Structures are given as C-alpha cells and as structure tokens.
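> Put chain B on the given structure of chain A with help from the hints.
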Amino acid sequence: MVDLRVDAVSKRYGETTALADVSLTIADGEFFTLVGPSGCGKTTTLRAVAGFESPTTGEIRFGDREMTGVPPEDRDVGIVFQSYALFPHMSVAENVAYGLRFRDPPDGQSVDERVADLLDLVDLSGTGERDPSELSGGQQQRVALARALAPNPQLLLLDEPMSALDARLRERLRQQVKQIQSDLGITTLYVTHDQEEALAVSDRVAVMRDGRVEQVGTPQDVYRRPETRFVAEFVGENNVFEGRVAGHAGETTTVTVDGEDLLISRVDATEGESVAFCVRPEALSVVDGAADGSGGDTADGGTLDAPANRLPADVEYAEFLGEAVRVHATWNGRDLVVRLPNEPDDAALTVGFDPRSAHVVEGDR
Amino acid sequence: MSWVERHALGVAAAATAAVIAVMFYLPVGIVLSEAVGIAPGFPPAVSLDAFAEVLSDSFYVGALAGVGADPFAVSRHADNVASWAAAFLAGEAGLPSFGLFGFTAYQALLSTVASVALGLPGAYVLARFEFPGRRTIRSLTILPFILPSIMVAIGFIAMFGRRGVVNDLLATVGLGPIDVMGTLSIVIVAHAFYNAPLVTRVTAAAWESVDARTVETARSLGASRRRAVLDVVAPQLLPAVLTGALLTFVFTFMTFPIVLALGGLRLATVEVWVYNLLGNMNYREAAALATLETALSLALTYAYLRYEARQAAGSRGANPLQRVPLFPSLGALRSPVRLGVLAYAAVVVVVFVGPVLSMVWTSVTGPDGLTLAYYEFLVQRQAEGSAVQTKPWPAVRNSLTFGVATLAVALPMGVAAAVVTTRKFRGRAVVGALAMGPIAVSGIVTGVGLLLGPVFGIPLGGGWRLQVTGATAIVAAHAVAAYPFVTRSVAPLLGRLDPAMVESARALGASRARALVDVELPLVAAGVVAGAAFAFAISVGEFDSTVILAEGSQSYTMPVAVERYRGRRLGPATAMGTVLLVVTSVSFVVIDRLGGRFERG
Numbered sequence: 001m002v003d004l005r006v007d008a009v010s011k012r013y014g015e016t017t018a019l020a021d022v023s024l025t026i027a028d029g030e031f032f033t034l035v036g037p038s039g040c041g042k043t044t045t046l047r048a049v050a051g052f053e054s055p056t057t058g059e060i061r062f063g064d065r066e067m068t069g070v071p072p073e074d075r076d077v078g079i080v081f082q083s084y085a086l087f088p089h090m091s092v093a094e095n096v097a098y099g100l101r102f103r104d105p106p107d108g109q110s111v112d113e114r115v116a117d118l119l120d121l122v123d124l125s126g127t128g129e130r131d132p133s134e135l136s137g138g139q140q141q142r143v144a145l146a147r148a149l150a151p152n153p154q155l156l157l158l159d160e161p162m163s164a165l166d167a168r169l170r171e172r173l174r175q176q177v178k179q180i181q182s183d184l185g186i187t188t189l190y191v192t193h194d195q196e197e198a199l200a201v202s203d204r205v206a207v208m209r210d211g212r213v214e215q216v217g218t219p220q221d222v223y224r225r226p227e228t229r230f231v232a233e234f235v236g237e238n239n240v241f242e243g244r245v246a247g248h249a250g251e252t253t254t255v256t257v258d259g260e261d262l263l264i265s266r267v268d269a270t271e272g273e274s275v276a277f278c279v280r281p282e283a284l285s286v287v288d289g290a291a292d293g294s295g296g297d298t299a300d301g302g303t304l305d306a307p308a309n310r311l312p313a314d315v316e317y318a319e320f321l322g323e324a325v326r327v328h329a330t331w332n333g334r335d336l337v338v339r340l341p342n343e344p345d346d347a348a349l350t351v352g353f354d355p356r357s358a359h360v361v362e363g364d365r
Numbered sequence: 001m002s003w004v005e006r007h008a009l010g011v012a013a014a015a016t017a018a019v020i021a022v023m024f025y026l027p028v029g030i031v032l033s034e035a036v037g038i039a040p041g042f043p044p045a046v047s048l049d050a051f052a053e054v055l056s057d058s059f060y061v062g063a064l065a066g067v068g069a070d071p072f073a074v075s076r077h078a079d080n081v082a083s084w085a086a087a088f089l090a091g092e093a094g095l096p097s098f099g100l101f102g103f104t105a106y107q108a109l110l111s112t113v114a115s116v117a118l119g120l121p122g123a124y125v126l127a128r129f130e131f132p133g134r135r136t137i138r139s140l141t142i143l144p145f146i147l148p149s150i151m152v153a154i155g156f157i158a159m160f161g162r163r164g165v166v167n168d169l170l171a172t173v174g175l176g177p178i179d180v181m182g183t184l185s186i187v188i189v190a191h192a193f194y195n196a197p198l199v200t201r202v203t204a205a206a207w208e209s210v211d212a213r214t215v216e217t218a219r220s221l222g223a224s225r226r227r228a229v230l231d232v233v234a235p236q237l238l239p240a241v242l243t244g245a246l247l248t249f250v251f252t253f254m255t256f257p258i259v260l261a262l263g264g265l266r267l268a269t270v271e272v273w274v275y276n277l278l279g280n281m282n283y284r285e286a287a288a289l290a291t292l293e294t295a296l297s298l299a300l301t302y303a304y305l306r307y308e309a310r311q312a313a314g315s316r317g318a319n320p321l322q323r324v325p326l327f328p329s330l331g332a333l334r335s336p337v338r339l340g341v342l343a344y345a346a347v348v349v350v351v352f353v354g355p356v357l358s359m360v361w362t363s364v365t366g367p368d369g370l371t372l373a374y375y376e377f378l379v380q381r382q383a384e385g386s387a388v389q390t391k392p393w394p395a396v397r398n399s400l401t402f403g404v405a406t407l408a409v410a411l412p413m414g415v416a417a418a419v420v421t422t423r424k425f426r427g428r429a430v431v432g433a434l435a436m437g438p439i440a441v442s443g444i445v446t447g448v449g450l451l452l453g454p455v456f457g458i459p460l461g462g463g464w465r466l467q468v469t470g471a472t473a474i475v476a477a478h479a480v481a482a483y484p485f486v487t488r489s490v491a492p493l494l495g496r497l498d499p500a501m502v503e504s505a506r507a508l509g510a511s512r513a514r515a516l517v518d519v520e521l522p523l524v525a526a527g528v529v530a531g532a533a534f535a536f537a538i539s540v541g542e543f544d545s546t547v548i549l550a551e552g553s554q555s556y557t558m559p560v561a562v563e564r565y566r567g568r569r570l571g572p573a574t575a576m577g578t579v580l581l582v583v584t585s586v587s588f589v590v591i592d593r594l595g596g597r598f599e600r601g
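Protein sequences, first through last, are from chains A and B.
In case it helps, the numbering used here puts the first sequence at residues 1 to 365.
In case it helps, the numbering used here puts the second sequence at residues 1 to 601.
Please note: incorrect hints may appear among the correct ones.
[Said to hold, decoys possible] Covered by chain B, per the in silico footprint, the following chain A stretches (three or more residues, Cβ under 8 Å): (1) 62-73; (2) 103-112.
[What the hints assert, rightly or not] Heads up, incomplete: computed chain A residues facing chain B, CB under 10 Å, no partners named: (3) Arg47; (4) Val77; (5) Gly78; (6) Ile79; (7) Val80; (8) Ala85; (9) Leu86; (10) Ser91; (11) Ala93; (12) Ala324; (13) Arg326; (14) Thr330; (15) Trp331; (16) Asn332; (17) Val360; (18) Gly363.
Simulated from the structure, these hints should not be mistaken for lab results.
Given the structure is predicted, the values throughout are model-derived calculations rather than measurements.
Just so it is clear, CB atoms sit at the ideal spot from N, CA and C, and this is done for glycine as well.
Bound conformation, chain A alone (with noise of 0.2 Å):
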C-alpha cells in the first residue's frame, strides 16, 4: 500500500485544456473520491494516475517513485470501469485469474486458491465457471472489482463503477465496495458524478469544476462548509444570496439582498462590501406570517439577540419526497427551495433561518 500524490498536474489535448494545475495528496489506506459534472476532469485525472494519459505538466508519484512514463502494465493498479470490461470470451475464473498471468499472487497462494478468496470476498463463490454474461450487472461489477483486486494492487481506480446499475443496486453496492476497501485498508481513488455517492463513501472528497478542483474536504465539509458557490450548489440542494454588508451587530452581520437585510452570523467584512451566502433547504422553516417582527421560529427556541430572517414568498409548487415535501417558492423574485416535513396549506408562506445556519462561500469565479 502506498501513498498518491498528483502535483500541479495539467493536461491539455490541442486547445483544449482538460487539467489545469491539479494537485492531490491521497493518504495510504484512504478512500479519496473525485466528484464533479461531466467534463470536470476526474476521469481525466483517475486515467493519468492509470498510465492511460501522460500529464502536459506536472508529476504523479506513488510513495516515493515518479510515474512518468511508467506504462500502465508497470504502474501495479487495479482498475474498475463504469461498463465492467469483463474479457467475455473467458470464464469469470478466468477474467479474475488474468492478472495472476503477470504478477504472483501474494503470500504464496495458488492462483487457484487467490481466485476463490476473491470470489468469496465479492460474495461470489461457485460462479467462477460461469461466463460474465450469465451474471446480473451488480454481479459482473463484483466480478471486475474480484480481477482487479487479485494482484494485490497498491491503488484501486474506481471510474464511476456503480453508474450503469439501478439506485437500490448501487446504494447496496457501494457499501459492500466501502467495507471490501476497508478490510484491505488499500489507498482508493473513486470518480463518480453522483455526489451523494460521494458523500456516502468517502474519507475525503475533491469537487472538481472545469479541470480544477474546487474544494478538498471530509464529506461532512464540503456539505456544511462549502467554500465556493460552485461546492454549496453542486453538493445537495442550496440556496445562495448574493447582497451587501450593511453593517455588524454583536454575534450577527446584515447582508441587504435585493434591498432586505438578512440576518447572518458575523463575518469578516467592511460595510458595502459584496458577499455571498448560503442556507440549505432543510434549514429554511415556516414561521408565524402575522407576527412580523417578534421573533422567529429558531432551531433552539430563539435566543437570538437579533430577530431572525423572516421571508414571505409564494409557493409554485410542491413535490412529495415520501419521507419530506420539497418546496419550490420565490422570495423578492429568487427562486428558494424549502425543505418542509408537510405539503404547504397556502399559495403564500413566510420561511425563516436562523443567521448561524447562513455560510458565506465565494461568489463564481
């Protein structure tokens, strides 16, 4: 097992630039997820860690050795693809067994005996006769996560392995992947577009937009702390207010949107500066319309020095989530999505937040 580091790396096809100055530190043993829209660079990047693309600039290192120009074959990577790429003219035996065929299998197994522990480590035991088509999508993808696995790789590349499957599928799927990774404590690089997917698993998490990485953090902060409107936007639901400072008060700071203030925990600006905020869905809740100005509904019952944010808007529509209702209103002409536990009885309602629950991110680049 080794530790990834991908320094200042860019990759740019003719005029294109896919990677502009990307750099990563991944630790031995941990679970690193790339997370982004299509586009972004992740699978640009995850193939550079492969050996598939060499970097314009910059280097990749596994532990201490510098992997320019090191072909794929040499770099002692187990990779797993979105479309599984079982070889189907060989037996799933046969498909784990592959890499055997170049690398000895460790602690002097058989490759006989290494392909059945890894079989039975993907819970896929008695089907290595079988060819890869008898077998259920999930089933092929344990089967490519099994071959890739078998050599005892010092990485595992994971690009965007549970996309072609169904959501239950998957959310079963990623937790076992999650566990096996675990177990072997081996360091993982996994892209995925699906940024709950992202949150689900991940030791830490890269946002990455336009070639660049945006924000790199545990889950918990790239959710709770969004450094940038890109990250609040892309990772959950988010509503992002763009105003003025108007002036601080105590523990809070007034930001005029659109010509209201709002209420948000104090930050680090000088009057009339431009700053940008966000507040969740789920942190948005209905407050009492008629009593303006006495104080609102607060997560902990209100012990505000200053009123709370009160803003009526007018409801367009309503989904039913089962478990939630999600809201889509308009405030002041901003579109606001409301995380509510019931359907809304009228066309109006008045929301607020509590200011500790706004988090200032970085407006668009």
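Below, chain B without anything else, positioned relative to chain A:
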C-alpha cells in the same frame, strides 16, 4: 518484460509501413517518375512532356485535346463551347467525344447506373421480406466480389458467346443467333455482375439499421405509409446507395480483365490501353497514362473516404423494421409487388447464376454431348507440354503457394493497420488514407511499378541493389492488394470493442501487444478469419498485376492460365476456370461460416 514485447506493436506497425512503402508507394512513385522522365542530376530535371502529349491527344481526351494543348486560352475555349452549344441546340451537332478517358468514364457511369438499378431491388427484397433461404442469399452476395474477374469473363463468353448457352437455347426454339460479344452492353452487364451485389449489401445493411420507431413516429404525426418511406427511410438509405455507387464507379473506372476478354481493344479503357502500351514496350506513355488514371481514381477514393468518415458508422437499430413474409399464401402471388419480386429473381438467375453455370456446363460438353475432353486436355498438357507452354499444375501450385504466402504477409499487415487506424491520434485521417491507398490504385500500375523497380533492380549505391524475383513481386503485389480487406474486416469489430477492456488488461499487467493477443484478437476472431479468406481469395483471383509480373516466367497463376488458354478454343479455358471456381468457392465457404463483414466497413 523484454524490449521486443513492449514494442511489438510499434515494430509490427513499422514493418507494415515499410512493406507498403517499398512494395506499393515506391513502385507507384517509379511509375510517376517514368512518366515525368526524370533526368539525372541535381536537382533532377523533370519534364511533363509525356502528360502534355496525353492531354493534348484527341485519342485520349477527345474534344478536350485543345484545352490540354493550351490550357490558358480560356476565351477561345469558351467560344468553342458556345459555338458547339449553339450548333447542338440547332440540331446540327451531336455530343462531343472525350476520347479514351471520356469513354472509360462513360462506361463506368453506365455500369454504375446498371449496378444500382440491379442492386437496389435486391436490397429491398433482402431487407423487407422474410423467405426461406434469405440468409443464404444474403451471404451469397459477397461471392461475386471474390470471384476472379477473368473467370467471370469466361463465364460470360460461355453464356453469351456466338456458340454460347444462350444461343444454343435460342436455336432449339428456332431463334437467334444473337451476337453481343464485343459490345458495350455485355461489358456493362458483367460490371453489374460484380458491383450490383455490393450495392445490395451496403443498402440492405442500412435498411436493416433503420429504427422502426422513426417510421412509427412519422406515421403517428400524420405521414402516409408511402410518405413515411419517402421522408424517413429514403434519407437513411441514400448515404449507403451513394457509397455503393461511388465504389462501383471507382472499380469500373479501373476495369481491366472484363473489358480485355469481353470487349477487346475496340472497347479499350484506360487500363486496357496501358496494358497494350506495355506490350509494345512504350513504358513512358504507359506510365503517363497510368499516372493520370491513378490521380483520378485517388481523387474519387479520397472523396469516398471523406464521405464515409462523415457518415457516422450507424449501429444496427435496436428496433429494426419487421420483415413481412414474401409468400404468405399462393394468392399473394397476384400482388404486383410480389410479381415484381419474381421477375427480379428471374433476372438475378440469368445475370448471376447463368454465367457460372454456363462455364461449368461448357467445360463438360463438346460438339457430341457430354465430354471430359477439356479436362483430359489439361492432364495431357501437364504430361506432354513443352517448357514454354502454360501447364495447369504449376498454375494451381503457384496460385496456392502465392495465396498462402499472401495470407502470411497480408494478415499481420492488415491487423497492424487496423490497430493503428482505430486508435485516436493526430494525423489519423492521413495515415488511414495512406493505408487504404492500394484500393484506389489499379493492379496494372502496381504491377508496372514493381516490374520497372524491384524486379528489374534498384541500385542502392555502394554496389548494393534492391532486387526481388518475379514470385516475390507477385506475392508483394497480392499482399498489398489484399491487406486493405483484412483491415476493413477487422477494424470495425476492433473499433466496437470497449476500450476499457484493453485498459483493464494493461492495468492488470499486460503489455499492449499482450492485450492484443489475449483480449482483442480472440474477440475479433471472426473478422480476422474473414479477412484471411478475403486475402487468400483475392490472391488466387488476382489478374491485373500477375499477368504483367508473370510474363515470360514460370510464375503464372490460374487466372493467367485461363487467359492464355482462352486464345484458341473456349473448352480448356472453361475447364481451368472451373478448377479456379472450386478453389475460390472453398474460400467463400470459410468467409461465410465465419462471417464476412465487408459492408460494415
């Protein structure tokens, strides 16, 4: 891992490029340099006189000769065109003639029209109707493509000749005789024999990939059945029809054995005339003519490749149009469409089955009924023939030897070219076009170039000479002609493989070459074997360059022997042709069993 294994693919690609360069581009370059008459010295003096002579000779270019002689006298030429147009409109002048080039293009155009007319109904029947034997007939459409052209010519003579099967049949009912030999019609029918199945294959494949839902959508939006076909199906077929037509034009523009055997010098095309000039040792004029012909066909092939590249390789529709039974009941035979299909079937039998059967029939019938005399002639010639006579067994042996040798060379070349051209890299289009060059250059040109260059010997300096024997040159010419078909059989399958498969193998420790052997080749095996059968069949049937390179040597092959036996009586030639048919049919069975996929190229 050794250096060799790590770089095996690069080495194979470099070797392929070297063979193509030395055995194809060098000979073609020699033909060109012969034509421009390069004089020694530095820089070498180049003379374009030979081209000027050809282009200003009304024998070659007809009414354009004046333009060729003085290309910049634009206003005079315009005046001439205007006065001709006035005379033509007044009914005082006919269409101008454009000489040998004009005639070659004219017969190619007529052949293309005939091939499309004969091929399209076949595509309709194969794509839209279900009937017993449909799959067999569909796979039989590859057959004409690999039948040796000289054998087909013999078949047409056996069928339509003065004493051919048709005239025999007409005589029994008191009609005839008809004499179509040496006419343009018979040449065009023979060209349609070759190329109509090509049109059928590419069009049927396109028809089968039309998604039935597009038609259903059009119908639901208010289009009538006829209108939906016109608006939705026809535009999806058009590219395939144009592809077939363009290829047909290129092939028939370069036609040689068909015209040589059925038309003679009176109907000479450019290619036949080049051969004739060579026979008269007029290398310079032959080279100039061959160069101009090659330039034209290269331009057409380039246009074709550009066009093909723009047509995204249509994948088979997940939901193809449903076929209807051809003969659901006896009563259905009264429908005009089905009567049309029956009439078409009759034409198909006459044009396609007739010549082949006639050849076999003629080989076993004499003036006094059934006979094996012609086969006995072959055996006797083998036993008693003198050293300068063409014997059957060396012809068979040479054909088989050259076929196997061609296979051994063309297969790795074709696979290497397929691997290289399915990769994405800058300049891929150029490399792909260079690799497909041999399709656009006639066997005559390659043959002449090999003869003038490597066979006569090329001084390399320091007392070294590059010189190859006639047999080596023949194998080289065959391999160069055949490998594009290997590439075209393998590349589409290779291109459809999930690239993640090779990447998985490499991440697991396989070198690029090892991944090719372990993963890709087993998965495209059908294409490799089909390509191999193509290569073998093309070598066995190749005539154009072989007849030049085998001249005066013991390296003659079966098609050359057929041509030499044709001289006196038809019988021995048909017997030799039947032997050739058997050998070619075996190759066909292999292609069919393993799935030839030329049309998906």
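> Next step is simple, just say for each hint if it's right about the structure.
Hint-by-hint comparison with the structure:
no. : hint    : result
1   : 62-73   : holds (count 3)
2   : 103-112 : violated (count 1)
3   : Arg47   : holds, 8 Å
4   : Val77   : holds, 5 Å
5   : Gly78   : holds, 7 Å
6   : Ile79   : holds, 4 Å
7   : Val80   : holds, 8 Å
8   : Ala85   : holds, 4 Å
9   : Leu86   : holds, 8 Å
10  : Ser91   : violated, 13 Å
11  : Ala93   : violated, 14 Å
12  : Ala324  : violated, 38 Å
13  : Arg326  : violated, 34 Å
14  : Thr330  : violated, 37 Å
15  : Trp331  : violated, 43 Å
16  : Asn332  : violated, 44 Å
17  : Val360  : violated, 42 Å
18  : Gly363  : violated, 38 Å
Violated hints, listed in ascending order, are 2, 10, 11, 12, 13, 14, 15, 16, 17 and 18; each of the other numbered hints is respected by the structure.
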